[in-house]
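All chains, full assembly: derive it from the sequences and hints.
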Amino acid sequence: MSEFFAMSGYARYLWPSFGLVLGVIVLNVVLAWTSLERAQVQARRRLEMRS
Amino acid sequence: MSWVWFHRFGSPPWVYGFARRWAPWFGGVAAIAMLVGLYGGLVLAPPDYQQKDAYRIVYVHAPSALLSLMIYTTMAIAAAVGLIWRIKVAHAAAAACAPIGAWFTVATLGTGMLWGKPMWGTYWAWDPRLTSELVLLFLYFGYMGLRAAIEDPQKADKASAVLAIVGVVNVPIIKYSVTWWNSLHQPPTRLIGEADMAGNMVWPLITMFGAFGLYFAAVFLVRLRAELLRRERNASWIREVLT
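Respectively, the protein sequence lines represent chains A and B. Taking numbering that gives the first Met the number 0, the leading residue of the first sequence gets 0, the next gets one more, and so forth. Taking numbering that gives the first Met the number 0, the leading residue of the second sequence gets 0, the next gets one more, and so forth.
One should not assume that every hint holds.
Some chain B residues judged to face chain A by a derived CB distance under 7 Å, without partners named [as the list claims (entries may be wrong)]:
no.: 1; residue: L34
no.: 2; residue: R238
no.: 3; residue: L241
Just a sample of chain B residues kept apart from chain A, beta carbon distances all over 10 Å, derived [to be verified]:
no.: 4; residue: F8
no.: 5; residue: R20
no.: 6; residue: W84
no.: 7; residue: G192
Rather than coming from a laboratory, the hints here were simulated on the basis of the structure. What you are looking at is a predicted structure, and each value in this text was computed from that prediction instead of being measured. Even for Gly, the Cβ is constructed at its ideal location relative to N, Cα and C.
Put into structure tokens, the structure is as follows:
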């Protein structure tokens with residue numbers, strides 16, 4: 000198992016690369032949902048003010 | 000075959016409903032494909048005879064790079080459609096693309112630097128491929144900055160669309176930079192036909208390409224919904240979709 004994580008001596012380049020992309024993937028999902036929720040809250044507020 | 004069905008993509012409420020229905024499916028399939036691709040790339044694929052295990056960075060670097068180019072091209076096409084036919088959904092689609100594309104350009108540059116250090120001996124060189132990819136990041140920033148700087152949404156749509164269309168010239172430059180100029184970056188790798196990689200290295204990469212494409216579709220559709228809600232604030236269909 001430790002051999003797998005060592006990645007023939009390239010672990011310090013390989014795992015940060017995977018970590019960076021995983022971070023971008025998660026961050027994009029979080030930012031997209033946050034953006035949608037904010038837009039929905041604003042839209043609901045506008046509807047309430049109008050009615 | 001009738002092309003009338005295509006007109007529905009110009010209708011904000013229809014697109015909103017489409018995005019709400021399909022985003023979870025794209026996201027679910029992307030997650031499964033990503034896990035399969037990662038297992039294939041990290042566990043099943045053998046080490047490269049020259050680069051050893053360092054080459055495995057390709058399983059996140061190449062899909063990120065492809066996505067950074069594909070998203071910019073999608074954004075430019077959507078911007079052109081919006082500009083020519085004055086379709087509001089197209090401008091919303093272009094706006095939804097930009098932040099996702101910018102993040103994947105950051106991922107491409109970051110993973111490229113981490114791959115470059117052990118292979119080239121440096122994190123960064125002013126190489127044609129690296130420099131043109133950096134220009135792509137600045138184009139994304141420019142597009143988003145321009146949108147944010149103009150208060151009138153219609154003017155912002157027009158100005159940013161022109162920038163997106165002009166900037167698309169950088170996409171073939173990035174693609175062919177490794178063949179047009181001397182570059183530290185390796186030339187394009189053939190994945191099908193007379194492939195440059197062994198089959199057990201190729202299928203995880205193709206799976207990751209598919210997974211990243213589906214992932215983009217899912218996140219894009221969520222962002223598109225947010226964009227449509229903001230733009231169509233006074234439309235009657237908003238009440239229907241929110242209740």
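Right, here's what the structure says about each hint:
1. L34: 12 Å, violated
2. R238: 6 Å, holds
3. L241: This hint holds: L241/B lies near chain A, its Cβ roughly 6 Å from the closest one there, short of 7 Å.
4. F8: 20 Å, holds
5. R20: 15 Å, holds
6. W84: At roughly 25 Å from the nearest Cβ of chain A, W84/B sits farther out than 10 Å, so the non-interface label holds.
7. G192: At roughly 28 Å from the nearest Cβ of chain A, G192/B sits farther out than 10 Å, so the non-interface label holds.
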